[in-house]
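Participant: So the chains spell out like this:
Number of protein chains: 4
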Amino acid sequence: MQAFERKVRESFGRQAFMATIGAQMTAVGVGSVEIRISFNSSLTQQNSFIHAGVITSILDSACGYAALSVAPEEAEVLSVEFKVNLLAPAVGESFIARAQVKRAGRTLTVCTADAFALNQGSEKLVATMQATIMNMVPRE
Amino acid sequence: MQAFERKVRESFGRQAFMATIGAQMTAVGVGSVEIRISFNSSLTQQNSFIHAGVITSILDSACGYAALSVAPEEAEVLSVEFKVNLLAPAVGESFIARAQVKRAGRTLTVCTADAFALNQGSEKLVATMQATIMNMVPRE
Amino acid sequence: MQAFERKVRESFGRQAFMATIGAQMTAVGVGSVEIRISFNSSLTQQNSFIHAGVITSILDSACGYAALSVAPEEAEVLSVEFKVNLLAPAVGESFIARAQVKRAGRTLTVCTADAFALNQGSEKLVATMQATIMNMVPRE
Amino acid sequence: MQAFERKVRESFGRQAFMATIGAQMTAVGVGSVEIRISFNSSLTQQNSFIHAGVITSILDSACGYAALSVAPEEAEVLSVEFKVNLLAPAVGESFIARAQVKRAGRTLTVCTADAFALNQGSEKLVATMQATIMNMVPRE
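Protein chains in written order, with my numbering: chain R, 1 to 140; chain H, 1 to 140; chain V, 1 to 140; chain D, 1 to 140.
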């Protein structure tokens, strides 16, 4: 495992909330991350769909870690802001967030991410995010 | 309790995810809603702050229910999209999301919401949302 | 020319502001539109870059017309909201906005668009938009 | 005139695009700015409303200069990203963008702004922006 992947997975492992919702990091590349959750009735809104906040949570973590995967070695990352469009009800057996870096700058990185619902092997796009992430470098 | 408040509280009561994160609806007005959570280590990110997705979840529910409080009696609501700026680390004993309707249209309602961290009685702004919500009216 | 392209180009031709900034529609497909402007010192901000509002204007028109290209024949479109990330200074000889439909719904369509600066034949990404557009169908 | 106002007005005076659309800076405070334009048929979209890009342009400049008004003396500012909701058609005799700082940080400042249409003395809210602005400090 390369250094960037170790750093990303180690940080993800410390996100207690990702464990709370049953999220798993299923892929890490240079500038791309995939996070999955299974349907669980504890994560639903009033119509038994997955709550938009849960879908946003895996999109946000995926974007943050995609940014971290290309950040300077000593940097941590922080979400500055994001925007999510909810495109279809989050109905399915499981859900995947796939994030990729759109532009990595010295201070700020912009990522996009899509969330898909999985049903019997087919994927349906349910949400999309555009996010700004900041590199936090410890000061000497 | 007036009809709009009963409708809002009843729907909120069916959001299993709000119970999962310990959220409570602490105020409902015409066009405004307040939702609170207490700090819980199961909701944290890698630095032991509350995960941005959790703060977003209570902001999103607060915006949706502020919109529902002014929607036609037969309508339900659906989040179309939202944008969140994270302004300070979510560190505190508890967290409040306060949403208000900015403009209510026939089909779409726009809300804004702020999230505050509470520490020993003082409030600190930690995030702000701008959201678009759609009225869903059953077709005859 | 197909009906959707005629409808898109006819509406674009009525946008006086696009003429004011010298914008041209350089491509129209099913669900995609390209709009270009040349550098002009009347369009700049304080550092002689193209003003973010100008780049946003061609991104917005490109998104709206990409949505219109797949809308029902009798529908017009209206921008509901958009979010823009400015990724690099808008420095160049000319600028292209390329929009594509991400998801077309009955009422709402979501588009994404990128803006590029052109210099001596090479393209550089300078901004990216995520937009929500509404179909407006005349009532009978 | 205080130093912050002089700095803001001097920079605004160098935005050629603001002159192109006839924009005037009508108020500058600590953390707040107001910019106005008059209706002009050269600024319209296909239905003779003011183009969303024009409204966004004055909102963006207002947010940027609200941020600049509270930035360190040696800093310039740069728009990182913004999100606009279009709330009503931009129909009127003139249009005002009013921006205020929501939170000023060392590197990033978040502003909100509203745009109003003026008709015979009455104001109508037509758009609202949430924006992130970056302080650019020259390196020694």
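It should be emphasised that the hints constitute simulated quantities derived from the structure, not laboratory data.
Hints may contain errors.
Unchecked claim - Reference listing, derived: stretches of chain H covered by chain D, where coverage requires no fewer than 3 residues with Cβ under 8 Å from a Cβ of chain D:
| hint | region |
| --- | --- |
| 1 | 34-47 |
| 2 | 62-76 |
| 3 | 126-133 |
To be verified - If you want a taste of the chain R side facing chain V, the calculated C-beta under 7 Å gives, among others:
| hint | residue |
| --- | --- |
| 4 | Arg9 |
| 5 | Asn85 |
| 6 | Leu87 |
| 7 | Arg106 |
| 8 | Val110 |
| 9 | Gln130 |
For each residue, glycine too, the CB sits at the ideal point set by N, CA and C.
Participant: All hints are to be evaluated individually against the structure, with a verdict given for each.
Facilitator: A quick look at each hint next to the structure:
no., hint, in the structure
1, 34-47, "violated (count 0)"
2, 62-76, "violated (count 0)"
3, 126-133, "holds (count 3)"
4, Arg9, "27 Å, violated"
5, Asn85, "5 Å, holds"
6, Leu87, "5 Å, holds"
7, Arg106, "12 Å, violated"
8, Val110, "5 Å, holds"
9, Gln130, "5 Å, holds"
Hints 1, 2, 4, 7, counting from the list given before, are not met by this structure.
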